[in-house]
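> Using the sequences and the hints, build the whole thing.
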Amino acid sequence: MEYVLRTHALKKVYGNFKALNGLSMNVPKGSIYGFVGKNGAGKTTLIRLVCGLQEPSAGEYTIYGQKNSQKGIAEERRRIGAVVETPSIYLDMTAEDNLKEQYRILGLPSFEGIDGLLKLVGLEYTGKKKAKNFSLGMRQRLGIAIALAGDPDFLILDEPVNGLDPQGIVEIRELILKLNREQGITVLISSHILDELSRLATHFGFIDKGQVIKEISASELEKVCRKCMHVTVSDTKSLVRVLDELGMEYAVLSEREADIFGEISVTELTMKLASGGCEILKIQEKDESLESYYINLLGGGKDE
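Using my numbering, the letters of the sequence shown correspond one by one to residues 1 to 304.
Where hints are given, some of them may not hold.
What the hints assert, rightly or not - When the alpha-carbon atoms are kept at most 27 Å apart in a straight line, the in silico DSSO-like pairs for lysine-lysine are as follows:
(1) Lys119 to Lys129
(2) Lys119 to Lys130
(3) Lys282 to Lys38
(4) Lys178 to Lys119
(5) Lys29 to Lys67
(6) Lys227 to Lys38
(7) Lys227 to Lys237
(8) Lys29 to Lys237
(9) Lys38 to Lys11
(10) Lys11 to Lys71
(11) Lys18 to Lys209
(12) Lys223 to Lys286
(13) Lys29 to Lys178
(14) Lys214 to Lys67
(15) Lys286 to Lys237
(16) Lys237 to Lys282
(17) Lys209 to Lys11
(18) Lys214 to Lys11
(19) Lys38 to Lys214
(20) Lys100 to Lys130
(21) Lys227 to Lys214
(22) Lys272 to Lys227
(23) Lys100 to Lys119
(24) Lys18 to Lys38
(25) Lys272 to Lys214
(26) Lys214 to Lys237
(27) Lys214 to Lys286
(28) Lys130 to Lys67
(29) Lys119 to Lys132
No lab work stands behind these hints: they were computed from the structure.
Given below as structure tokens:
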């Protein structure tokens with residue numbers, strides 16, 4: 001498999017704080033890689049290192065096979081477009097003028113292609129409207145257009161849907177899918193909004209305390225995220241006794257709710273619970289979500 005980005009034992013230390021603590025990850029070419037972790041886990045630090053905004057304290061990474069310690073890394077970085085933290089746009093300029101400014105920064109010979117970029121991100125009709133009057137979603141799409149100005153084949157997006165309304169989220173999702181499927185751009189998306197990532201990503205990397213604790217493809221994740229029976233009962237203590245007796249795997253979610261994994265006879269469960277004075281109030285089948293998989297992976301840890 002060909003990889004756009006690989007990191008090995010990457011570390012970044014600020015004083016006594018280890019932002020990255022031996023991080024190793026692999027981003028396959030052509031993928032949409034969902035970089036999953038709670039705030040402060042090290043996602044943005046990794047992105048800043050890869051973009052050359054900071055240097056690692058130890059370890060190494062490669063972009064298209066070129067090590068960060070080699071002279072050719074600067075040339076490979078030109079193949080990257082990135083929106084780090086917030087879009088870098090001039091609020092008093094129009095979308096077109098923002099792109100012209102980026103073309104000048106990149107030293108591009110002409111403004112050819114700007115109209116196509118504006119159309120690609122859905123901003124072709126904004127005219128003389130200044131970016132300060134754009135919605136958050138429009139600003140985010142302009143930021144992506146600016147990142148695409150150098151015709152990159154690797155796009156890095158740091159929390160691209162953070163703070164957007166539902167319509168803005170849909171627009172960004174459709175744009176990312178279009179760039180990946182129609183133009184073959186590899187995309188690394190850092191996010192803690194797991195429901196949205198599950199609709200996009202072909203691969204996932206789960207980061208915690210500066211380390212990638214698991215990498216998995218979307219197809220592998222689908223197999224791992226098992227179906228379960230979600231039950232609401234009058235007393236989970238009675239439910240636990242019965243499930244232990246039946247040798248079933250389960251997860252207690254609250255005093256009244258639990259997930260039961262594996263095949264189980266609803267009739268048998270109901271009768272055994274009834275004999276112990278426990279009533280089933282509600283029962284339904286469900287798939288384990290990306291969010292629950294992530295929480296279980298961290299041993300019950302939640303967003304800070």
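> To test your reading of the hints: which numbers does this structure violate?
3, 8, 25, 26 and 28
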